[in-house]
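All chains should be modelled from the sequences, with the hints used to inform the complete structure.
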Amino acid sequence: MHHDDKVYEHSMALTCDWNEKLKEAIPKIIAEVSDYAGVEAEAEFLGMGSFNIVYRVKRFRGIYRFPIFGKSVVRFEKTNDECMVMQYLSRFTTIPIPRLIAAESCDVGPYLVMVRPELGEQGLKPSIATTTLAQAYRGMTKILIELSKCRFARIGAVGLDDSKQWSVTKRPITINMNQIVSCGNYPVKNLPKQSFSTANEYFTCLAETHLTHLRSQRNDAISDELDARRKYVSRCLFLRIAKNFSTQDNYGPFPLYCDDLRPSNVLVDDAMSIMGVIDWEYCYTAPLEFTYCSPLVAPSEASR
Numbered sequence: 001m002h003h004d005d006k007v008y009e010h011s012m013a014l015t016c017d018w019n020e021k022l023k024e025a026i027p028k029i030i031a032e033v034s035d036y037a038g039v040e041a042e043a044e045f046l047g048m049g050s051f052n053i054v055y056r057v058k059r060f061r062g063i064y065r066f067p068i069f070g071k072s073v074v075r076f077e078k079t080n081d082e083c084m085v086m087q088y089l090s091r092f093t094t095i096p097i098p099r100l101i102a103a104e105s106c107d108v109g110p111y112l113v114m115v116r117p118e119l120g121e122q123g124l125k126p127s128i129a130t131t132t133l134a135q136a137y138r139g140m141t142k143i144l145i146e147l148s149k150c151r152f153a154r155i156g157a158v159g160l161d162d163s164k165q166w167s168v169t170k171r172p173i174t175i176n177m178n179q180i181v182s183c184g185n186y187p188v189k190n191l192p193k194q195s196f197s198t199a200n201e202y203f204t205c206l207a208e209t210h211l212t213h214l215r216s217q218r219n220d221a222i223s224d225e226l227d228a229r230r231k232y233v234s235r236c237l238f239l240r241i242a243k244n245f246s247t248q249d250n251y252g253p254f255p256l257y258c259d260d261l262r263p264s265n266v267l268v269d270d271a272m273s274i275m276g277v278i279d280w281e282y283c284y285t286a287p288l289e290f291t292y293c294s295p296l297v298a299p300s301e302a303s304r
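Our numbering numbers the first residue of the sequence shown as 1 and each following residue consecutively.
Warning: the hint list may mix true and false statements.
[To be verified] In silico DSS-like links for lysine-lysine, alpha-carbon gap of 27 Å or less:
#1 LYS170 to LYS149
#2 LYS21 to LYS58
#3 LYS170 to LYS193
#4 LYS28 to LYS6
#5 LYS231 to LYS189
#6 LYS149 to LYS164
#7 LYS231 to LYS6
#8 LYS243 to LYS170
#9 LYS142 to LYS189
No wet-lab data here; the hints were simulated from the structure. Predicted, not measured: the structure shown is a model, and the values here were computed from it.
And the structure:
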């Protein structure tokens, strides 16, 4: 469905107000670096993404990343999940994860402090050599393979349990959950509250979420009665399929999967060697189909 424009406008207004408060708070936050590192620190705005604002600290190889209020829901939970999965990936995989210096919170919300890798020239290159492009594809493939090796007994967010063992400890936080709340008027209280033991459970919950979304979004959800009927019927059919869905991998184990993993989150040097992979907030264990099923439109078909 299209986003609810009224909800989206409200979210953007919240973001603008919050951003002004962040600008006021940044000097005080960065001043702590001066005390810690013994250098004169100055903040420099680095960029705003879909869900985070990033500041770089001059004369100190560190970045401060703040989940954006209005764009990111359940910010504290999301940040904690990302901290845990970054620790796990840096310990058990070969994926280069930026070193996490601290996870803190302040009046404007939670934030992460990380070491910034030394990077090459940034930007798109339409004339990139085929050999360089092949190297980039190999690098992305290795990341996906490493993620697929990290398997757990349940679907959800990874953390340390009471015995200090790595396991799935809570519900997953996904991009879809974030978007239907921030752009679709979906009630936060109706989001999934637990992890899942089977793919069947997860797909059923996902189907029920889509139905709730259709019922709860007030604007821009439908164009007319026929459109409403089609959207409702398709969601009911999806729910029926989900309840009867069963494969040999229904009971796992379930690999790690990251909703937001894409080339722009992979940092490289001038030689196109991967120096770091960032933005792990929507990383969770998911049904095997998320990792291994081919896209609905294969590249050869998409070009026709």
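**Asked** For which of the previously enumerated hints does the structure constitute a violation, in increasing order of number?
**Response** The structure conflicts with hints 4 and 9, although it agrees with all the remaining ones.
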